[in-house]
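Trainee: Quick mapping for you: the protein sequence lines, in order, are chains A and B. Going by the numbering used here, the residue at position 18 of the first sequence is 18; the numbering climbs one at a time, nothing skipped. Going by the numbering used here, the residue at position 66 of the second sequence is 66; the numbering climbs one at a time, nothing skipped.
Read the hints as simulated data drawn from the structure, not as lab findings. Honestly, I wouldn't trust all of these hints.
Claimed, not checked - To be clear about the criterion: a stretch of chain B counts as covered by chain A if any three or more of its residues have a C-beta under 8 Å from a C-beta of chain A, and this derived list gives those stretches:
#1 53-61
#2 68-80
Claimed, not checked - Derived DMTMM-like pairs (lysine to aspartate or glutamate); straight-line CA-CA distance at most 25 Å:
#3 A:Lys-293 with A:Asp-352
#4 B:Lys-271 with B:Glu-34
#5 B:Lys-185 with A:Glu-454
#6 B:Lys-152 with B:Glu-34
#7 B:Lys-152 with A:Glu-454
#8 B:Lys-271 with B:Glu-245
#9 B:Lys-185 with A:Glu-446
#10 B:Lys-313 with B:Glu-65
#11 B:Lys-313 with B:Glu-235
#12 B:Lys-271 with B:Glu-142
#13 B:Lys-185 with A:Asp-244
#14 B:Lys-271 with B:Glu-284
Beta carbons are placed, not taken as given, at the ideal position from N, Cα and C, and that holds for glycine.
Listed here are the chains, written in short residue letters.
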Amino acid sequence: MSPIVEGFGALLDPTILLCIGAGALLGMLVGAFPGVTATMAVALASSFTLALDPLPGLAVLLTIYVSSNFGDRVPAILVNTPGTPASIATTFDGYAMARKGQAGLALTASAFASAWGTVVGLVLLMVAAIPLSRLALNFGPAEMFALVVFGLTMMIGVSGGKIVKGLMAGALGLLLGAVGRDPITGTPRFTFGIPELSDGVPFIAAIIGLFGIAEVLNQILTHRRGHKVEPIKEFGRWFPNKRDWRTMLKPLAVGSGVGGVVGIVPATGGDIAGILGWDQARRVSKRPDRFGKGSLEGITAADTSSNATLGGSVTTTLALGLPGDSVMAVMIGSMVVWGIQPGPSLFTNQPDLVYSIAGIMLIATVVALLASIMRMRGVAKLLELPQHFLWAVILVFCMVGTYAVSNNVFDVGVMLVLGLVGLFLKRFGIPPGPVVLGLILGSLAEGNLRRALEIGGPANILTSPIAVGLLLVSLLALVGPPVRTALRNRRAKKALETPAP
Amino acid sequence: MRPTFFKLAAVATGAVLLTAGCADRGGVTEDSSEYPSEDVTLVVPYDAGGASDLAARTLAAEMEETLGQSIIVENRSGGAGSVGLEYLAGRPADGYTIGYLPVETVMLGHQGYDVDPADYDLIGQMVSVPATVAVPADSPYETLDDLVEAAKEDPGSITVSNSGAGSIWEAATTELGNATGSEFKPVPFDGGAPAVTAAVGGQVDAVVAGISETAPSHSEGQLRVLAVFDSEPSESLPDVQTAAEQGVDVTIGGWGGIGAPAGLPEDVLQKLEEAFAAAADSEEFTTIISDSGNIPVNVPAAEYAQFVEDEHKRFGELLGNQD
Chain A
1 MSPIVEGFGA
11 LLDPTILLCI
21 GAGALLGMLV
31 GAFPGVTATM
41 AVALASSFTL
51 ALDPLPGLAV
61 LLTIYVSSNF
71 GDRVPAILVN
81 TPGTPASIAT
91 TFDGYAMARK
101 GQAGLALTAS
111 AFASAWGTVV
121 GLVLLMVAAI
131 PLSRLALNFG
141 PAEMFALVVF
151 GLTMMIGVSG
161 GKIVKGLMAG
171 ALGLLLGAVG
181 RDPITGTPRF
191 TFGIPELSDG
201 VPFIAAIIGL
211 FGIAEVLNQI
221 LTHRRGHKVE
231 PIKEFGRWFP
241 NKRDWRTMLK
251 PLAVGSGVGG
261 VVGIVPATGG
271 DIAGILGWDQ
281 ARRVSKRPDR
291 FGKGSLEGIT
301 AADTSSNATL
311 GGSVTTTLAL
321 GLPGDSVMAV
331 MIGSMVVWGI
341 QPGPSLFTNQ
351 PDLVYSIAGI
361 MLIATVVALL
371 ASIMRMRGVA
381 KLLELPQHFL
391 WAVILVFCMV
401 GTYAVSNNVF
411 DVGVMLVLGL
421 VGLFLKRFGI
431 PPGPVVLGLI
441 LGSLAEGNLR
451 RALEIGGPAN
461 ILTSPIAVGL
471 LLVSLLALVG
481 PPVRTALRNR
491 RAKKALETPA
501 P
Chain B
1 MRPTFFKLAA
11 VATGAVLLTA
21 GCADRGGVTE
31 DSSEYPSEDV
41 TLVVPYDAGG
51 ASDLAARTLA
61 AEMEETLGQS
71 IIVENRSGGA
81 GSVGLEYLAG
91 RPADGYTIGY
101 LPVETVMLGH
111 QGYDVDPADY
121 DLIGQMVSVP
131 ATVAVPADSP
141 YETLDDLVEA
151 AKEDPGSITV
161 SNSGAGSIWE
171 AATTELGNAT
181 GSEFKPVPFD
191 GGAPAVTAAV
201 GGQVDAVVAG
211 ISETAPSHSE
221 GQLRVLAVFD
231 SEPSESLPDV
241 QTAAEQGVDV
251 TIGGWGGIGA
261 PAGLPEDVLQ
271 KLEEAFAAAA
281 DSEEFTTIIS
291 DSGNIPVNVP
301 AAEYAQFVED
311 EHKRFGELLG
321 NQD
């Protein structure tokens, strides 16, 4: 009991509360700014926080980590541009809701779902850190490959009912994912001799282009044609009513489960979890047809899942000393300099520190939730700007944010080209979600498959129960829906053929 | 009529101011004796947050004190580091752009990138990251010799993870094989941490990684470091012998130094060398680097230049063998 009291008690220091406040402000801002990721913000802040004591320093960094995962939802919902990759799945339903005049509800529901997800992840951290993280060690290349293949089956779900077009988009994504050095031999592929491409298509630039720039270009086109695009001025209801809460229950549960598991697997974060949670919720939903068209369930599941990874990532990091995602990789660097050695012995040597970390993240969640809800009125003011000014400002923001990633104009070029691609997809009704999936998962699948084969040949995959299990589930996910549809059609046909009495 | 005139006037004023701004910069850089009279940019060819970035930022903060000007760290990542290195080589040699030179400076040129160490004036080396080879805690291999023998018995059967295709740790694995007449199977991962995780989880037989990446897991009892590829035993792993002590005369690893586009004026180079030496010796710098698990060094320009030349030749042979 005493480490809990000591750990939480240490946070009563006003300095720490001040640090949490500063972190929250910074995190919300960088989150809302497309292109600036939580990883970058934490990396840059850590060069200042190294001068602080460990606890106040961690308060700043962890709060940035948590609150940027609230801030990034705002541009995702209002302008279809994920603030950080973690909110890719938020755009699926969030923007559609906003277009339907439910922006207020989308923002509030997203904030509550994000907060709920974070808290679930933290409970995982406090209750079961060590056994859970042992589980993560069983995930080698073979198991990772199977998990990623399962992820790829989601392309169908993300296609929003347009399966052929969705698969076309997915293939484009996989193709883009193949650009860069071969994961095993290091030979450059499809780089056209451009050194920047040897690390692959820059991911942040790609998602800002596909979602943000494509939307800006689309608005420019429709604006000139004199079409009256309904601007998002109507926020509608802000707070979910009783019925909304009931709708949100199931996706909250599904999202928590998916996010918790994905968070614990090393090196996977909120971007993949958000998409995975969204798709799982769609599968169990009574109204799967609404997903992608402004479903409250969809946005709830995506945001719960993406934020439930935070606790899982911290768990893997603290319990194993292995980074749970890219932000934690940066944070380990700071911790080591402060003399905190993440790893199993942290829980025996400094259990109070583990509770302090959980406590900081808990306070940060509350602060971020309150700030999200209060600040939304301010966001409303922003959107009273005439639309053509707003989109122009967003264009500039996207360009500056993308440039800032690696201070390279090349990334901005990639963003603009993919913006054109995105516009093309939009105009022909091809969903952009599968492109992103292919881009993230394609290279992951290839790298892990190649590694698994390199280590032990096909037997390496076929003898792993986890891998075989995941591959079977993927097969079911692929074969299941068409078979079900066929059965249903046949039954319907029979019902028609049976002459009415 | 009037508004147009005002507009023209405004544009003209703007143009004059702009030109003046540019001229001002040109004027300053001509006289190198007053160096540095404005901010200096330090290019880091990797993303913010990594070990190279930490070393560069910490050193920059200390160098500012001697130079009396701000040093702005600029991360230009991409192309395995080649984007930032090429950018640095193309900047004017006036001392206002310097850069962090990692071991990749001597490797990338042999891997098809347009990077040549001759394009830089070297200022000094400040950090060294010796390679280590480690096995899972429950591995049957107790010494470096056990591992090498196993690789000799069944060439290519011992899997060794590393941080990526073409990385220094993959090259170190090849070098270990060459030096002992054995053959390991390198398995490149996507970064150092996943490579170490694979060894902790027992997915591979061994891992070759920098000392700062393996030492923590060694002290936690998850990994057993068999050898450090350095000339002397490491402070962070006092119980581990060097490879040379175990009869394998190989020293290899990552390193980091500071350089500038070639052709700096003599007096500018000297000021930078002095500022570098003071910074690399400072307690703030050495403490942060040792705490992060790497080894702070302070190698002066001439010695560093010789080292870089030797390394460039060595990796030419090592990486050339692979193709």
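Trainee: A separate judgement is required for each hint: does it hold in the structure or not?
Mentor: For each hint, the structure was consulted:
Counting residues of the region 53-61 of chain B whose C-beta sits closer than 8 Å to any C-beta of chain A gives 3, which meets the bar of three, so the coverage hint holds. Restraint check on the region 68-80 of chain B versus chain A: 7 residues with Cβ-Cβ distances below 8 Å, three needed, restraint holds. The hinted pair formed by Lys-293 (chain A) and Asp-352 (chain A) fails the criterion: a straight-line CA distance of about 46 Å is larger than 25 Å. Restraint check: the Cα-Cα separation between Lys-271 (chain B) and Glu-34 (chain B) comes to about 11 Å, which is no more than 25 Å; the hinted pair holds.
With a CA separation close to 8 Å, the supplied pair Lys-185 (chain B) and Glu-454 (chain A) stays within the 25 Å bound. Restraint check for Lys-152 (chain B) and Glu-34 (chain B): not satisfied, since their Cα atoms lie roughly 61 Å apart, outside the 25 Å limit. For the proposed pair Lys-152 (chain B) and Glu-454 (chain A), the alpha carbon gap of about 18 Å is at most 25 Å, so the pair holds. Straight-line distance between C-alpha atoms of Lys-271 (chain B) and Glu-245 (chain B) comes to about 40 Å, which puts the hinted pair past the 25 Å bound.
Proposed proximity of Lys-185 (chain B) and Glu-446 (chain A) is supported: the alpha carbons are some 19 Å apart, at most 25 Å. A hinted pair counts as satisfied when its Cα atoms are at most 25 Å apart, and Lys-313 (chain B) with Glu-65 (chain B) does not qualify at roughly 36 Å. Under the criterion of a C-alpha separation no larger than 25 Å, the hint pairing Lys-313 (chain B) with Glu-235 (chain B) is inconsistent with the structure, at around 30 Å. About 50 Å separates the Cα atoms of Lys-271 (chain B) and Glu-142 (chain B), which puts this hinted pair outside 25 Å; it is violated.
Proximity of Lys-185 (chain B) to Asp-244 (chain A) is assessed by CA-CA distance (about 56 Å); at most 25 Å being required, the pair is judged violated. Between Lys-271 (chain B) and Glu-284 (chain B) the alpha-carbon distance is near 21 Å, which keeps this suggested pair within the 25 Å criterion.
Checked against the numbered hints above, the structure violates hints 3, 6, 8, 10, 11, 12 and 13; every other hint is satisfied.
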